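Asker: Sequence:
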Amino acid sequence: MPVAPAPAPAVAPTAARDLTDVMTDELHLTALQQTKVRGILTGTVQQVNAAQQQYGSNKTALMTELRRINASSESQLKAALTPTQYKQYQTKKRQMQAQMQARKSGGQ
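According to UniProt numbering, the stretch in the sequence shown is residues 1 to 108, in order.
Because the hints were derived from the structure by calculation, they are not lab data.
Check each hint, because a few of them may be wrong.
To be verified - No more than 30 Å apart at the CA atoms, straight line, and that leaves these computed lysine-lysine pairs for DSSO-like:
#1 36 x 78
#2 59 x 93
#3 87 x 36
#4 78 x 92
#5 92 x 59
#6 92 x 36
#7 78 x 59
#8 78 x 93
#9 93 x 36
To be verified - Now the in silico label distances, taken between C-beta atoms and shown as ranges:
#10 31 x 83: 13 to 23 Å
#11 91 x 61: 16 to 26 Å
#12 84 x 58: 36 to 46 Å
#13 49 x 84: 26 to 36 Å
#14 91 x 58: 27 to 37 Å
#15 56 x 31: 37 to 47 Å
#16 68 x 12: 15 to 25 Å
#17 61 x 25: 33 to 43 Å
Computed from a predicted structure; not experimentally measured.
Beta carbons are placed, not taken as given, at the ideal position from N, Cα and C, and that holds for glycine.
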């Protein structure tokens, strides 16, 4: 008997704050940039959670929507950061996400 896939876990509201904190440390964001980035990331988290609710088990539609959300978020971040910061962000993105995960799990 096939087992229905579990719904995707919701992204914690604190994820935007945590990633903003890591980005602030790594990219030396100004206070204004920090506010902008946190707003962008908070909106992204809300959109991702809404998409997971809306598309649930329709993986194709969910992936399409997540790609759209990601592209929108990236363009907003590009506008909020200096060209140098955005380049650093692109280079360090995976490392920063790993740091955020480590903070969440009580690591570093």
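Asker: Taking the hints in turn, state whether each one holds.
Answerer: We went through each hint and held it up to the structure:
Restraint check for residue 36 and residue 78: satisfied, since their Cα atoms lie roughly 11 Å apart, inside the 30 Å limit. Between residue 59 and residue 93 the CA atoms are separated by roughly 25 Å; this keeps the pair inside 30 Å, and the hint holds. Between residue 87 and residue 36 the CA atoms are separated by roughly 18 Å; this keeps the pair inside 30 Å, and the hint holds. Of the pairs offered as hints, the one joining residue 78 and residue 92 holds, with about 14 Å between alpha carbons and a cut-off of 30 Å not exceeded.
Pair hint residue 92 plus residue 59 holds up; C-alpha atoms about 28 Å apart against a cutoff of 30 Å. Proposed proximity of residue 92 and residue 36 is supported: the alpha carbons are some 19 Å apart, at most 30 Å. Of the supplied pair hints, the one linking residue 78 and residue 59 holds, its CA atoms being roughly 28 Å apart against a limit of 30 Å. Taking the CA atoms of residue 78 and residue 93, the gap is near 13 Å; set against the 30 Å cutoff, the hint holds.
Between residue 93 and residue 36, the direct Cα distance comes to roughly 18 Å. Compliance with the 30 Å bound is thereby established for this hinted pair. In this structure the supplied range 13 to 23 Å holds for residue 31 paired with residue 83, their Cβ-Cβ distance being about 20 Å. The hinted range of 16 to 26 Å is not satisfied by residue 91 and residue 61, whose Cβ atoms lie roughly 32 Å apart. Between residue 84 and residue 58 the beta carbons are some 40 Å apart, a value that agrees with the proposed interval 36 to 46 Å.
Between residue 49 and residue 84 the C-beta distance comes to about 32 Å, which sits within the given range of 26 to 36 Å. Range check, residue 91 to residue 58: Cβ separation about 34 Å, and the 27 to 37 Å hint holds. Separated by about 39 Å at the C-beta atoms, residue 56 and residue 31 satisfy the suggested range of 37 to 47 Å. Under the hint 15 to 25 Å, the C-beta atoms of residue 68 and residue 12, about 22 Å apart, fit the expected range.
Look at residue 61 against residue 25: about 36 Å separates their beta carbons, and that is inside 33 to 43 Å.
Violation of the numbered hints given earlier is confined to hint 11; every other hint is satisfied by the structure.
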